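Q: The chain contents come next:
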Amino acid sequence: MLDTNKDSLKLEAMKRIVAMIARGKNASDLFPAVVKNVACKNIEVKKLVYVYLVRYAEEQQDLALLSISTFQRGLKDPNQLIRASALRVLSSIRVPIIVPIMMLAIKEAASDMSPYVRKTAAHAIPKLYSLDSDQKDQLIEVIEKLLADKTTLVAGSVVMAFEEVCPERIDLIHKNYRKLCNLLIDVEEWGQVVIISMLTRYARTQFLSPTQNESLLEENPEKAFYGSEEDEAKGTGPEAAAPASLPARKPYVMDPDHRLLLRNTKPLLQSRSAAVVMAVAQLYFHLAPKAEVGVIAKALVRLLRSHSEVQYVVLQNVATMSIKRRGMFEPYLKSFYIRSTDPTQIKILKLEVLTNLANETNIPTVLREFQTYIRSMDKDFVAATIQAIGRCATNIGRVRDTCLNGLVQLLSNRDELVVAESVVVIKKLLQMQPAQHGEIIKHLAKLTDNIQVPMARASILWLIGEYCEHVPKIAPDVLRKMAKSFTAEEDIVKLQVINLAAKLYLTNSKQTKLLTQYVLSLAKYDQNYDIRDRARFTRQLIVPSEQGGALSRHAKKLFLAPKPAPVLESSFKDRDHFQLGSLSHLLNAKATGYQELPDWPEEAPDPSVRNVEVPEWTKCSNREKRKEKEKPFYSDSEGESGPTESADSEPESESESESKSSSESGSEESSSESDEDQGEDEDKGRGSESEQSEEEGEKKRKKRKKVLVEHGEGSSSDEGSDSSSSSSDSEMTSESEEEQAEPASWRKKTPPSSKSAPAAKEVSLLDLEDYTPSSVQPVSPPTVVSTSLATDLEGLTLTDSSLVPSLLSPVPGVGRQELLHRVAGEGLAVDYAFSRQPFSGDPHMVSVHIYFSNSSETPIKGLHMGTPKLPAGISIQEFPEIESLAPGESATAIMGINFCDSTQAANFQLCTQTRQFYVSIQPPVGELMAPVFMSENEFKKEQGKLTGMNEITEKLILPDTCWSDHIVVKKVTATANVGRVPCGTSDEYRFAGRTLTSGSLVLLTLDTQPAGTAQVTVNSEKMVIGTMLVKDVIQALTQ
Amino acid sequence: MVEKKMIHSLFLINCSGDIFLEKHWKSVVSQSVCDYFFEAQEKAADVENVPPVISTPHHYLISIYRDKLFFVSVIQTEVPPLFVIEFLHRVADTFQDYFGECSEAAIKDNVVIVYELLEEMLDNGFPLATESNILKELIKPPTILRSVVNSITGSSNVGDTLPTGQLSNIPWRRAGVKYTNNEAYFDVIEEIDAIIDKSGSTVFAEIQGVIDACIKLSGMPDLSLSFMNPRLLDDVSFHPCIRFKRWESERVLSFIPPDGNFRLISYRVSSQNLVAIPVYVKHSISFKENSSCGRFDITIGPKQNMGKTIEGITVTVHMPKVVLNMSLTPAQGSYTFDPVTKVLTWDVGKITPQKLPSLKGLVNLQSGAPKPEENPSLNIQFKIQQLAISGLKVNRLDMYGEKYKPFKGVKYVTKAGKFQVRT
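These protein sequences, in sequence, are chains A and B. Counting in our numbering, the first sequence runs from 1 upward without gaps. Counting in our numbering, the second sequence runs from 1 upward without gaps.
The shape of chain B in the complex, shown without the other chains (with noise of 0.2 Å):
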């Protein structure tokens, strides 16, 4: 008979395919299937292209690659594969908010922790407590403070009533929480997606924004933030806590929070409606035929940019394969060239519209070789504080349900998202 359970096992390997924490929800599977998914990755060249779904004879091994880390769950039967893939993101991110990192060196320090989460996280291959609030109430985290504590006291780590998140209607939000100080704030973070063209005129551009949230409220609070106007939102994701009928009938997100860091909604802006592209890039690169250099030449100016400091600019370019190195000159800021992976990066800072930042120069080429077919694209990154693009603004955050006022505060970023211009 076919043994069925969602998640089997879970392998973690590192970089150099070292398999450094198993932990099996049933019996063992051997490391050795494992060697199924190093084969894959041999054969993908890059760990991002290694299929996210691998069958062997007996299992499927299903895989994300988060933080140079490949957590790699082994399945044995039908089951869906985002089902999986989501609760592997899932255990990286509960990692993170436990360790402040994702990284192998945090996860062989605290394994006891670890071990402890997987446990609870899942039961017989099928999640059991996911949400961060209620396993921090059953695991604490670890602090350098109650590890000292715990040392001399020898009280313990692991929390011996069931959470009571876990029983209630609100699994998100754990019980008496406190403050001295009661804090709301919100961050509406917006990015810019946008492909522009050779020409530069803008194949695509979209805005997809998220508003995350910091909550340091005590007790039971019953918030309800309303937007001055929440028609711009054209697809929104929420947050369990959020009631979303309420959504539907009055644009209103109102909602109990979790306690802590948490996203609260995230969504796109119609792509009907006309984004706003904030820079401008001029550029003209090019490779002599026949001979080892070509120019290379970019201008970044401002566009569009609401009258707010576009700043924390950043140019990455990956070259082709038969540049050599380059030496350029930047109008502004400093920038690197990695002969290796033949990445360019200039870190231009701040645009001052008076002086255009510009970085010109020359490119060497591998002698002999065919001038590249392709120009390469340029991802741009930057930033604008204190400014939502597609004009989303909050109108007012209401409390109920606790006595107390709390300090309130929104701030708003537009970013760059995936922002590329075609040469």
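Okay, chain A solo, but in the shape it has when bound (with noise of 0.2 Å):
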């Protein structure tokens, strides 16, 4: 049927084919037939094959050769879907022949421009390297290259690989890490649970112990334990718990970016996943300062109502944890009551955490859950509960003659396994204080007439003899018995028989020399050869011979020596050296490929290498560091304040501010300081924020401002809604000075530049204002939510978009300008400045924000935009009504302006309830654009494609006042939206930019001669802009 030329015969037959290979038999013979129709053009058909080649390919070799050719067109398939699964099946071909087809197809598709089709090249990495690892260094250079994708799609698949080939190259993820715990929310699932596992790896050995300072208390687990019940009760607030509290040797202070990792992890505990959650859960265990690992209690046990598989993995990660940390559990003890209906295994795993869990307060209900529990039908569970009952009594001491209480009762218990496993437990208990319990001693001693279960009877005999003086009446009449019935006994009984008999002899030989020495001579012809080995040794040692017997004489000392107490401990202490979750600490044994988790280091290694380290990274680094502080609150509202801007374009208008501060504070320092200072910077402005914000007794302002510091400190809204604003007060300043504590051990190397402070300061106060409306509560729902749909579909470049730019104070390139005087409108006026930032709704259009105030003296209502007259091509995104402005008062709003690329201006009417207003807003140039990255060498490429036309050239002298790089690049950055390009001459300034609406490219070049002329380029299609712009920039240049 595969040789005919109709489609649905074929198909038939290749179903049958496959039903075939499912069920497990052979269809190999059909190789040549099946291998035919690789190039078969019906999709379905093609997949089938597929799937037969994977099967069968690596059995045949030379005929699986003839399919390469098929799929090394399908690389260069238009069709990503294409061109990713013939990817995909080139590299499941398991034929070494093709490795260096393999490794030219993955490292071109690691470049593809389908995220999709780079993810299914990460996959085929740990493929290809299983075929031939001599290829290792070649896929690490691949591996090297997806790490940096910025794709949410890409980031698990890669990070697979990365634990596949290279797990033990941590340098490579340096770069990466910040990154990838941003990303990290938004990953897939799977790829999650493979990056947390990581990334716990990465910060054992990046990062120091969270707990160092606390190990002081962990001598007093009873100050510890009230210490994570506390952190419980808030069920908040890592922050709280601030490591400063404790007593410190050497103040530690946590990395930022460890923080961060625990941070952006933490509300992945509301996964669905259970792999996820479990994921997490351990990764707080393993690096979370202890007073915050509580959090991951309330996860794990939501847990215990899924699947019974993931109960029987969850329970067993909670008993390890349950034995470190107990408080952290204690509050859910009932959870982990059992049920009838659970099966037996998740029932005695319940059992092991519900023991580890009984202290002091809790043993009397424990007990009584024991109590019902022995009851049960399921044998297995009621010998695991008197075993449970019996470590309870060992760990706490006023429970002890009530646990051995109840077990002797329990030797009354019909059940024969009941009586022995509680035999076996009684004896462990009696051991700890023999002298008061000749009693029980006695009721055991009767009960060798009844008990047929050998390790309970074994048990009775070695307590008869080891307390052979509290028994000295029994003792000698149990050993009749035992002599008596010695033949027919287990072995194990039979060497506690003469053990018994030795011990007696020793202390009573008068009453038991003749039973003694009988039943050596019975054991001396046993058919185990261990008991006979004993007899003969016994013999040898107790009864005198006529050589001297050195060993004789310490006989007594040898069988009597007081033995210490056994320890009754669980079976997961100490399980806890394997990284939890892991399948080696479910087996408790090191599973194949398991890698050890590391333990903390000495001394931290640099926490500089997580900086990019180019320059115009270290914007970026820096950018990131913000983010830190960001992150949790607008990673997933994106919805609401996201704008609609392709991430690509956005991170530039933001870097725009950073460029400016870097620059003040006289940036091309080394990396890593200017990033310090600028954290610092960043703190300041935050402090000083809330103190003007107080004495200005806005309230409403504060609190809303309140609630955007309490988000970055990522803190639960818990708090944020119903504190008063008292609270607030001190919550805040107490949050900020946390904040300040982190860098605080920076502040003392380098002063703060008091020139930059009060800049920043100003600036994000403006902001924060102008923003709260679109950010906090939507004012127009229509908009908010096409951008929130708009960021969704935006697709995966997520990358640091998800900042956004409200915080990050961008320089308003023109100042305030004015729309409306307050005397031709009556009282209103109104001031227009371009933000600068992406308009959130429309990324061609520049965002232009509005500023009313009423200086009139009665409320001015309904302030709207009329029906705008516009000139082709340009459009506008109407503010918000604003329904009234009371006297005095004064108001914000932002609207957008589509300029089309031109310096039109853009005329519309500003409407009260009474009048209307014509205005009109003309923008300069300079803001049709918004800034691009690029590197050096792109900036050159770009330059050599717009040459002739293109290029617009100006000479101007630059006076004194510019000579200094930074009052340059402020000058020209405050004159045109662009962003500064790395430059490798010190007398070159370059800055790039795109224009709005048709996104072409602004070049903006300025070379300066020491004698202080300078020559100004542009390179842009609009020539017209170009023009413009040159003019513009040297008007601001030498003024």
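Careful: at least some of the hints might be erroneous.
Said to hold, decoys possible - Once the Cα atoms are required to be at most 20 Å apart in a straight line, the calculated EDC-like pairs of lysine to aspartate or glutamate come out as:
id, chain 1, residue 1, chain 2, residue 2
1, A, K379, B, E373
2, A, K334, B, D97
3, B, K321, A, D378
4, B, K371, A, E416
5, A, K334, B, D93
6, A, K25, B, E104
7, B, K198, A, D378
8, A, K510, A, D477
9, A, K25, B, D18
10, B, K108, A, D415
11, B, K43, A, D342
12, B, K418, A, D378
13, A, K1031, A, D1007
14, B, K198, A, D342
15, A, K107, A, E58
16, A, K107, A, E144
17, A, K379, B, E374
18, A, K15, B, E104
19, A, K334, B, E191
20, B, K68, A, D342
21, A, K15, B, D109
To be clear, the hints were calculated from the coordinates, so they are not data collected in a lab. Predicted model only: the values in this text are computed from it and were never measured.
Both chains are given apart, each in its own frame, so use the hints to dock them into the complex.
A: And the structure:
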């Protein structure tokens, strides 16, 4: 059928073949016939052929080669699905000859346009590696490249490849660490698990142990226990338990990157996937300060509602954790209560956890629970319960007698297993304080007549032997009985009989001499050589023989030496040296390929390795740093505030400010240092923000800001919404103090540059105010939603864009300009400014902030925008109507204008309920663009394309004031919304931007000569813009 | 060198121990590896007690038991066990979703689709596409109509374009959804987990709830669901579509839903809150020493039921092994006793307060055997319509992003979860 031309017949044939494969039958004879169809047009036939090929190619390598060319063709297909599936199959065919082809294909796919193909490439890496490990070095290169990929789709797969090929190359992670942390929440579930477990290992090598200061407390478990309890009660606030409050030998400051990881993984505890929750739980267990580990308990307990296999694994891990951190699970004690319908293996694990959790206070309840368990029909479970009681009794002295009594009562149980188990446990308990328990021993001795379970009999005999002085009358009698039945006993019992005989011989030889000899001679001819050996050995030892018998003098010491009481321990003790959640932990044995969890380093490795080093990226790492703080709030709420801007262009607008501030602080120092500087400024800014607002006493705004700050801190909203403003003050200060505590160590090194700090403060204050309407409470639902949609849809290039620019203080290019004078506006004054923030809703729009203030006596009502009369191409996104503006009050709004890359004015009407005002906004040319980041090489390459007509050059003489670097940069960036491009030579400045509507590049070069002459060059497709820009820049520089 | 990969092979095994499907993502692993599994299964005696993770000399076997089938996966290297377990359950869910049931017959009938699915779900042992919305775009679920059409026209079940979801930030939703009737239904289902002790006092009780959604809305709707009393929810886990931060800050569920049926959230109502227990049980079960009979008497009555009718009551009792038979008279409903599994099931139905349902009679024991130590626990099932026992109430559902007006509905149900009465 495969040879026909009809697709439907082929399909039918392939379906039958696949069904054969599925049943495990051999279909390899058909290989030639099937391979022919690899080029079949019908996509379903093709897929099934792929299935077949992957299954049998290894066995028929020569024939499989026939198909290779088809896949190579497929790799060039315009359809990304076909490219990806061709690569998938090609890499799945395990034929060593094609390794070079695979290598080539992977390399190519790794730089494919489509993230889906790149993901497939990441998947192909381990396949190739397992086929030919010599390719490792080349593969690592590909991995390195893919690790830098910014899409969520690729992240999980490439980390998986990393883990399989080169888990030891931790250095590859440094530069991507922050990115991975920030992307994490948007990666698919499977990728999350892999990334989290990799990051756990990474953090263990790169950060200091957060518990090092707590080691003092560790000796005092009680205190630690309360600590975590408290945390539980609050249910939140990892910040609250500041490490600083602990007695500090050497103040421990958590690396901000360490904090970033903890903060960004925490929301994932809410994942629906048990695997993700477990991964986060183990991360917290291994990495978080003690006080914060508590948060995972709730999520783990939730998993106990899941499938029984999940319960099984989770309980194993909880059992291990509960030994180390008992307080963590204590509030959930009852969740571990056992139902008669639980499978036995689950019951036993729950029992383990209950035992671990038992302490002085809850032991009565736990014991009462145990009591019901003892009557269960499930005998294995009953046995486990008895052991659990034994463990509780050893651990908690107070209840030892109660437990012992309970166990003794069990001795009259009808079920032999129960009795036997009790005897074994009682034996262990009695060893702790034998003196008081003569009665029990007597009781036990009586049981020898009835109990048949060998282990129990052996235990009783041992007990009697050990404490024969407490029961001098009964002991010989027991021995007599045992001697009688000696031959019929199990080996283990026989050994104990010998033991008992020997001990009695030593203490009470008068009565037992003959008995002992009888037993020993019976044992001498036993079938088991172990028993024979023992008998011989014992005889030599205790019966004084002619030859000296140096040993026999010490026989008593040997046999009746005081023995330490056994410690009843959980089998889960010390299992935590395996990474929790791992297969190795579950099996309590190292599984193949298990990566040891490294110990914390003594000294923290250089944290600056995670900064990205290229000069232009200094700013970025910086930005990421800020992002750490904002992320918890913004990462998901893009919906409300995220701009539609494509992610690629967004960071540029932010960098604007950074380029400015970093240049102010006299940049170009070492990258790490400028970093610190920045962080500090920011802190300053934040701190002073709150001060100012307090002064102004604007409650409303403060509250709003507080919410912002709080979210910035990543604390839960619970506090936020119901705390009064007075409490919020203290909270805020404490928080910001904490904030500052982090960089405190740096502060000493670099005194804050007083110049940049106030600037930052000013700007961020402004922005906060401006942005709150749009970010905190959506004013106009429709636009907000459309943006949220758009951001969701905008694809995978999530990257750094999740950071909303609002807090990032862009420099308004041209300051406020008047739109409507208060006289003309009859009391209504309107100003506007270009905020240079991407306009949420339409990336082609310039966002314009409008400031209204009412200087009249009466409230102005219904402020909105009338129908604009616009030149062709220009469009306006109106600001939401302002219902009322009280006298003396001011308000702000944001509107977007698409100027269509021209400097034509946008004319429109401002309407109040009573009046209409005609106003117009004319943009300076510099506001029609947004910054672009590019490297020097890219810049040169683009510049090369835009020569001739597209290049405009002017000469000028720079005034003295413009001789310093940062002033030049400041002036240029103030004139035009462009981004700085790093530059090799010191006398050249380069800037790049892209026009908003058409997206054409605008490249600006400023070439300075020592004499003060300079040349401005603009390369752009838009010649008009180019010409105007040159004029504006020259004007700005020469002023 | 050790070949590294997550999931190496998958075997599907039915209850009688036949391997009826195998799939390998790399080199073939012989079926004989399953012998270790059978060994463990024999040792466990009970299907529920087969350890999910078994270590064999060369491999590790991780298995789940779902719908009378074992899904046994072969692992060669270290991998988080939950990762595999979660994946296997996802596979079973997908079968359920595609074929309506996850049974041997359904899988055998659709073996080609199963194979295509497995191929898409796992690449080289690492999960690739597991969202049902994506899979359905790649591989169309079988319907009678489609199979007829396909056989006539020769068109296929396999999509030839990359699902848009795979590339977007919302991989759970397929593109181009269109309905003539736009509907969004939410079922708030709460289950009471409780252990009641002999004397009738509550040892442990908590409420576990889920909100299941059935969303049939065209285009890309953006929904937000708010509650009257969101603070009740103590611990919540979300479908990936929910914007976590929005919940954190405003306690509103904001999401772009997947198409079709899915579980929106599951939650727990804090155990500190007192949980209302809607029923009480009076019981007296006794076995006489040295005689071959015992007495059995249970009565069920309503308690804290918020004025709603309690219906669908079923009582299941696992009687001790020595029980041979039971002869009982139900005042209401009907009962069955299976002498092999020793399970007594009493189908009660509705409670009418005027005449409380009861079940009385004699128990026949194996003569000569000692009387059972323990009285059996009673497992109780019930259902209360139009009530969320925790008091949770949906406030409103808003839709943005689309113009049409959807039909909205919320339904509340309270059920007994793991509700056990010790006697």
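Q: Indicate, hint by hint, whether the structure satisfies it.
A: Hints versus structure:
no.	hint	verdict
1	K379(A) x E373(B)	11 Å, holds
2	K334(A) x D97(B)	35 Å, violated
3	K321(B) x D378(A)	11 Å, holds
4	K371(B) x E416(A)	14 Å, holds
5	K334(A) x D93(B)	30 Å, violated
6	K25(A) x E104(B)	18 Å, holds
7	K198(B) x D378(A)	19 Å, holds
8	K510(A) x D477(A)	13 Å, holds
9	K25(A) x D18(B)	14 Å, holds
10	K108(B) x D415(A)	47 Å, violated
11	K43(B) x D342(A)	18 Å, holds
12	K418(B) x D378(A)	19 Å, holds
13	K1031(A) x D1007(A)	15 Å, holds
14	K198(B) x D342(A)	19 Å, holds
15	K107(A) x E58(A)	23 Å, violated
16	K107(A) x E144(A)	12 Å, holds
17	K379(A) x E374(B)	12 Å, holds
18	K15(A) x E104(B)	18 Å, holds
19	K334(A) x E191(B)	17 Å, holds
20	K68(B) x D342(A)	17 Å, holds
21	K15(A) x D109(B)	12 Å, holds
The structure fails hints 2, 5, 10 and 15 (numbered hints given earlier, in ascending order).
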